[in-house]
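S.K.: Quick mapping for you: the protein sequence lines, in order, are chains F, Y and Z. Once you know that position 292 of the first sequence is 292 in my numbering, the rest is easy, because the numbers rise by one and skip nothing. Position in the second sequence counted from 1, then plus 1000, gives you my numbering. Position in the third sequence counted from 1, then plus 2000, gives you my numbering.
Don't read these hints as lab results, they were simulated from the structure. Only a predicted model underlies this, so the values are computations on that prediction, with no experimental measurement involved. One thing to keep in mind: the hints can contain errors.
Said to hold, decoys possible - Calculated cross-link-like contacts (lysine-lysine; reagent style DSSO-like; alpha-carbon spacing at most 27 angstroms): (1) Y:K1024 x Y:K1088; (2) Z:K2214 x Y:K1193; (3) F:K152 x F:K182; (4) Y:K1079 x F:K46; (5) Z:K2110 x F:K76; (6) Y:K1079 x F:K318; (7) Z:K2252 x Z:K2039; (8) F:K182 x F:K76; (9) Y:K1066 x Y:K1024; (10) F:K46 x Y:K1066; (11) Z:K2110 x F:K333; (12) F:K46 x Y:K1087; (13) Z:K2279 x F:K333; (14) F:K268 x Y:K1066; (15) Y:K1088 x F:K307; (16) F:K272 x F:K151; (17) F:K268 x Y:K1025; (18) F:K272 x Y:K1193; (19) F:K268 x Y:K1024; (20) F:K74 x Z:K2110; (21) F:K182 x Z:K2047; (22) Z:K2110 x F:K152; (23) Y:K1024 x F:K46; (24) Y:K1066 x F:K272; (25) F:K272 x Y:K1031; (26) Z:K2047 x F:K151; (27) F:K46 x Y:K1031; (28) F:K295 x F:K11; (29) F:K272 x Y:K1025; (30) F:K151 x Z:K2110; (31) Y:K1289 x Y:K1351; (32) Z:K2317 x Y:K1213; (33) Z:K2214 x Z:K2039; (34) Y:K1193 x Z:K2279; (35) Y:K1031 x F:K268; (36) Y:K1193 x Z:K2252; (37) Z:K2110 x F:K182; (38) F:K295 x F:K46.
For reference, the chains in residue letters:
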Amino acid sequence: MGVVNELTEPKLARKASTDGSAERQRLRMMMLIRRFEERTYQEYTKPGQRIGGFCHLYSGQEAVAVGIASVFQKGKDFLITAYRDHGHSLALGMDPKAAMAEMFGRSTGCSKGKGGSMHFFQAEVGNLGGHGIVGGQIPLGAGAGFSCWYKKTGGVAFTLFGDGAINQGVFNESLNLASLWKLPVIFIVENNHMAMGTQVERSSAEVELSRRGSGYNMPHRSFDGNDIDQVIEVVSQAVSRARQLQGPSYLVANTYRFRGHSMSDAMKYRSKEEQERARSRDPILMYENRLRELKWVDTDQVEQMEKEVRELVNEAVKFADDSPHPDLGELYKDILSETYPLQK
Amino acid sequence: MPVEITMPQLSDTMTEGTLTAWRKKEGDAVKEGEVIAEIETDKANMDMEAFEGGTLAYQAVAEGDKAQVGALLAVLAQKGEDPAALKKQFAQGGGQASTKPTQKSVESNNGKTEPQPAAAAAGGAQGASSHDTELGRGNIEEGRAQSRRESVQEPPEHTSEALSREASQKVGQRPAAAKLPSAAPENEPPRLKVSPLARRIAASMDVDLQSVKGSGPGGRIVQRDVMEMPQSHGQSSAADAQRPPAAKAAAPKPASPLSLAPRVGQGHSQVVALSKIRSVIAQRLQHSKQTIPHFYETIDVDVEAVLALRARLNKSMEKEGIRLSLADFLAKGLAIALLSHPELNSTFDGKEITRHGDVNLGMAVALPDGLIVPVLRNVQQMGLREIRLRSSDLVERARNLKLRQEEMSGATFTVSNLGTFGVREFSAIINPPEVAILAIASAQKRAVVFNDAIAARTMMSLTLSSDHRCVDGATAAEFLRTLQQLLEEPGLMLV
Amino acid sequence: MPEMQFREALRQAMVEEMQRDENVFLMGEEVGEYNGAYKVSEGMLAKFGPRRVLDTPISEAGFTGLGIGAAICGLRPIVEYMSWSFSFVAFDQLINNAANVRYMSGGQFKVPIVFRGGNGIAHQLGATHSHRVDALYARVPGLIVVAPSTPFDAKGLLKTSIRCDDPVIFLESELMLNDKGEVPDEEYTLPLGVADVKKEGQDITIICWSKMVKLCLKAAVALAEQEIDAEVIDVRTLRPLDEQTILNSIRKTHRCVIVDEDWPYCGMGAGIMARLQEKAFDDLDAPIMRVCSEDVPAPFNHYLELAMQPSVEKVVKRVNEALYR
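Construct the complete structure from the given sequences, taking the supplied hints into account.
M.R.: Given below as structure tokens:
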């Protein structure tokens, strides 16, 4: 009934790239994110807690962020996500030092130590940040798409959220508005099947989450979010529609987070077997194996990359640790514009 | 370097955990990310992973044991290290992590426990940083001191009940003399109800609130009750009243009456060339007197109240070394009167009159050869103390010819004070483009009619010269009356 | 000077700013084809077309967030709420996103957006449609809250709000939209954060804003008949508050009554009062008094509704109490 689903199944018809360098970069970025997150876990759990507050790790979902980043056009597109935001920020090119320093709450952090783990931002690349309230960022993403539509920039707003967010009211309002006004927005559910500790079956009446898209007369598709090639292929289809102002799409990337919801989560709600099954579908291993088959990467290169990302993360931790806390004067900065209060 | 595995802090509130089960035995090979033990926290059971690979050399706690956050749980031997030797070393307490980390050790190194002597020799902590201990900028220290990290480490007996008890006990131990001062003096039974404004005015006028009847709700003493109290003039000492009213420091010493020697010899004459300053004075005052239609009004002011107040204030400011002069009160009163009579706080360029919202008071200062007029700016914003300090600074520098040009211009009204010379009254010449000038004569005891009887009161005559082109007689008179009221009832200056 | 209605002044401000800056657009329920629920945006769709005057679905959280997102990405939206009472469903967007993004991002993003609409008790709309949101938003760092009382102020302040780089909560009143006042032909703006002394006086300071200003000026007339010379201060901007103008006045009159259409507990008046007692204590000759609405939900019945709200009589009575008369 009126729902035209123009998004096709991913065929994974990989075009032979000249030398696989783009693919190696993607693999390396996924490895960097993984290493960054695992080190974050380590730093967070060290007594003395140099990383404070809530902290949500992205391990296991790397293919989604890195896949999106590979079709993202800096300076034109926007990306907004929820509080599990380290991976997206790194994938869009954030310096791991600025990211780790933010987690340490230091003045050299990407948000000057005022945002923390859940609130990474990087304006110059169109990274509209991580947002702490479940679903709260979805209409902002629609607004970013609106700005592309209004100014006819050809840009697209990647609006990411988890499977928990789709039951919030603003999800409905935002998808309806975006579809009504044909805004260039790609709504992407990172379905890790777990809203904190509540499985999709216990939170959504319709477990095939992509079907919700038809309620908004929006092309929709769910796909394997652990397979970066699928991510790139499906997202690319949606992007090309959006850039031509044919309207938004609704995508569901099925994935799995290896860690708990946050750091104090013992994950007793899921079985060992389930976790082991998930580990066997580790997006990094899957991609590494595929590139090995294509002879685009070999063991030496993988080990070299592992060494490099480990070094980058070590440097990031050292940088964060050596960075100063924000000056107390920062307390009252960045609240209102400088011209306050005598705006004329 | 051996890898020490310590009790992780898995939540903000976690202070200790129980090692419920070992999943690896001593001697087992461990891969990075592999689970080596299970831990029970206040929230849940968690698997504990190894962050590095190696051989499990030593288990520091037994299954079921509790350990504080940061306490050593296990040691991994890395390639080339001897697990047995490490076990021996750590069993004797030779690790980085202490077996029972104290609050101090966590605070002192914020994340890394303090090295014990044996281990210090064996090698520093992993990538040890001293940053947290110094915190670069001291200013964040304060906030940090209150931070959750420290509070996590507080001994568990610090419940709110315990803190409440502790605070009460400490207050109880305070010596009686250390009691905090209250707004109302202790010997004031029953507590008077006084509005904050009335209390402030009463204090400045030295009015005893006990003697005031309050007209506000429930007998609250309010402003009007204090203002209507008769002032107790008898309190000012005779010595105060007889002291020359204008400040000695602020004016040149009058020529000594004893120095009566002739200065130009008999049969001689002395030709004096006009100094630069003299010729400017000559030119300007001639111009003023020739072009401005001056008129003069004189008013007598009873300065008993202001002298009494001055005596009290000077006593209270004795330690500061500040002595207010009558001229300071005049400046204060003038600022108020001028703002309410802006016709006098004006300048006139022959075409337009400009009324000013700030009072910049010119103060004619006599020099050996002529006079100079430094300007005290924005007097309306100043209290008496500031008037005193700033004016004496200006006068001092005027005498030493050290004023900057901008300190000698921009006056909106000028005073000429001959108070120290015993002059009964005089008139001054307007300093254009100003439209008026006030001549302040000496305060002196005079026989006057006071309360329908002849009394000796300290009186002072003020003569206002005004420019009739822009000021009329009645306007000038109203201004003088306001000034007189302010000086005769100085409490009004606070209102 | 030509006279115009409050709504016309608002419309002029929006039209002029949209003509001046291509990035300004208007969005809200019924602002376009319906010509505005209260005719504030009448004719604007015809003038600017559907790209710049957008009818939204009834989706306050959605279009509030969408506006904020657009603002972060460089546009300058004007979002109209049919009533500020409806903003409650968009509270998360206003508080967490509009107010916080600049701070959380360490100053990387500005949020130039105006949210405007009718605030407060209109006429017999009952409890859900009569909310006064002043204090709810004025307590949030990162927001600016403006509440004009005259067409002149409304136009000048709205223009400044649209040009402002921060999120502005702009409070109007359905009951003021027909009010007429002089508005000059020539271009002008008014600064935010600056109060206006609507009537000078010596005896008591009356603090008010928005719809209450007219009521207080009426009360000042009644007080003059009792030989009480009241000073009426229209604070105009609730956040940031122009403390200095208020303190100057209290230092002159030593008495103060705050008139607030909101509830007494934790309301806007309570917030202003807390600041004043800290800063003006020694200048007060009487406790600061307030006239607020009664501490009840807004009733439907006309007479009950009137009884709930501040009135000229209540203000006169309170002023007399503050003057111990």
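S.K.: Take the hints in turn and mark each one as holding or not.
M.R.: Do the hints match the structure? See the list:
no.	hint	in the structure
1	Y:K1024 x Y:K1088	holds, 19 angstroms
2	Z:K2214 x Y:K1193	violated, 36 angstroms
3	F:K152 x F:K182	holds, 13 angstroms
4	Y:K1079 x F:K46	holds, 24 angstroms
5	Z:K2110 x F:K76	holds, 18 angstroms
6	Y:K1079 x F:K318	holds, 25 angstroms
7	Z:K2252 x Z:K2039	violated, 43 angstroms
8	F:K182 x F:K76	holds, 18 angstroms
9	Y:K1066 x Y:K1024	holds, 18 angstroms
10	F:K46 x Y:K1066	holds, 17 angstroms
11	Z:K2110 x F:K333	holds, 13 angstroms
12	F:K46 x Y:K1087	holds, 23 angstroms
13	Z:K2279 x F:K333	holds, 24 angstroms
14	F:K268 x Y:K1066	holds, 21 angstroms
15	Y:K1088 x F:K307	violated, 33 angstroms
16	F:K272 x F:K151	violated, 51 angstroms
17	F:K268 x Y:K1025	holds, 24 angstroms
18	F:K272 x Y:K1193	violated, 74 angstroms
19	F:K268 x Y:K1024	holds, 21 angstroms
20	F:K74 x Z:K2110	holds, 19 angstroms
21	F:K182 x Z:K2047	holds, 23 angstroms
22	Z:K2110 x F:K152	holds, 21 angstroms
23	Y:K1024 x F:K46	holds, 21 angstroms
24	Y:K1066 x F:K272	holds, 25 angstroms
25	F:K272 x Y:K1031	holds, 18 angstroms
26	Z:K2047 x F:K151	holds, 19 angstroms
27	F:K46 x Y:K1031	holds, 20 angstroms
28	F:K295 x F:K11	holds, 21 angstroms
29	F:K272 x Y:K1025	holds, 21 angstroms
30	F:K151 x Z:K2110	holds, 18 angstroms
31	Y:K1289 x Y:K1351	holds, 18 angstroms
32	Z:K2317 x Y:K1213	holds, 25 angstroms
33	Z:K2214 x Z:K2039	holds, 22 angstroms
34	Y:K1193 x Z:K2279	holds, 20 angstroms
35	Y:K1031 x F:K268	holds, 23 angstroms
36	Y:K1193 x Z:K2252	holds, 22 angstroms
37	Z:K2110 x F:K182	holds, 26 angstroms
38	F:K295 x F:K46	violated, 40 angstroms
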